[in-house]
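Protein chains in written order, with our numbering: chain A, 1 to 121; chain B, 122 to 229.
Think of the hints as simulated: they come from the structure by calculation, not from any bench.
Hints are all accurate, no fakes.
Here are the computed lysine-lysine pairs in the DSS-like style, where the Cα-Cα straight-line distance is at most 25 Å:
#1 B:K229 x A:K43
#2 B:K225 x A:K43
#3 B:K160 x A:K43
#4 A:K43 x B:K166
#5 B:K166 x B:K225
#6 A:K67 x A:K43
Some residues of chain A that are not near chain B, with every Cβ distance over 12 Å (derived):
#7 G10
#8 V12
#9 P14
#10 R19
#11 A23
#12 G26
#13 T28
#14 S73
#15 N79
#16 E84
#17 E91
#18 T118
#19 V119
#20 S120
C-beta atoms are modelled at their ideal positions from N, C-alpha and C, and glycine is treated no differently.
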Amino acid sequence: EVQLVESGGGLVQPGGSLRLSCAASGFTFSNYWMTWVRQAPGKGLEWVANINQRTSGSEKYYVASVKGRFTISRDNAKNTLSLEMNSLRDEDTAVYFCARWPGWPSACDVWGQGTVVTVSS
Amino acid sequence: DIQMTQSPSTLSASVGDRVTITCRASQSISTWLAWYQQKPGQAPKLLIYATSSLDRGVPSRFSGSGSGTEFTLTISSLQPDDFASYYCQHYGDYSTWTFGQGTKVEVK
Numbered sequence: 001e002v003q004l005v006e007s008g009g010g011l012v013q014p015g016g017s018l019r020l021s022c023a024a025s026g027f028t029f030s031n032y033w034m035t036w037v038r039q040a041p042g043k044g045l046e047w048v049a050n051i052n053q054r055t056s057g058s059e060k061y062y063v064a065s066v067k068g069r070f071t072i073s074r075d076n077a078k079n080t081l082s083l084e085m086n087s088l089r090d091e092d093t094a095v096y097f098c099a100r101w102p103g104w105p106s107a108c109d110v111w112g113q114g115t116v117v118t119v120s121s
Numbered sequence: 122d123i124q125m126t127q128s129p130s131t132l133s134a135s136v137g138d139r140v141t142i143t144c145r146a147s148q149s150i151s152t153w154l155a156w157y158q159q160k161p162g163q164a165p166k167l168l169i170y171a172t173s174s175l176d177r178g179v180p181s182r183f184s185g186s187g188s189g190t191e192f193t194l195t196i197s198s199l200q201p202d203d204f205a206s207y208y209c210q211h212y213g214d215y216s217t218w219t220f221g222q223g224t225k226v227e228v229k
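In isolation and in its complexed conformation, chain A is listed as follows:
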């Protein structure tokens, strides 16, 4: 079964750090771009970051609001995607989803169930 499972969410104080993980199974992880998308409580979807297929993740892109604070990475040997989040702000509170992207023409066709990040003092 093709599956993505996020973990690592939790409660963190403003200015703190958190590392999210996304474990992939049931498909060849190294063939896919991967992405993080978040959803603040009661709000819509917001793209956070993309990373290309290569083990080194040579291509990484971020939404402006997280640039310099978040780092996306991947380990193709362990079939794992990560999101290192530093200098967290109240507005980073959200459910964080990982998803796979096969590349054009397709869009994000497999999603994880999400992990909740709450930034609060």
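Given the coordinates of chain A, assemble chain B onto it according to the supplied hints.
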């Protein structure tokens, strides 16, 4: 940056209704426009990619169309399972993706 604006924000409809949701881009975009369905507490589900291609297993009552700056998602005959939120997404540039703000389809 390209902005994606969906309308309406909320749509009240009945089972059997034909439903249309519009997504407008702030400038002309490619055909890399997707639609997702999301139910409360669940992850988004891909319905349509490349403006009009149905993802595997998606019922044929869903269809997508459009070009330039205006795109639509149509549900030909609304079913009980279709009450949910819908989001468009422009994914034409892998360095920046944009979602519309969403449309909630609720029971009339």
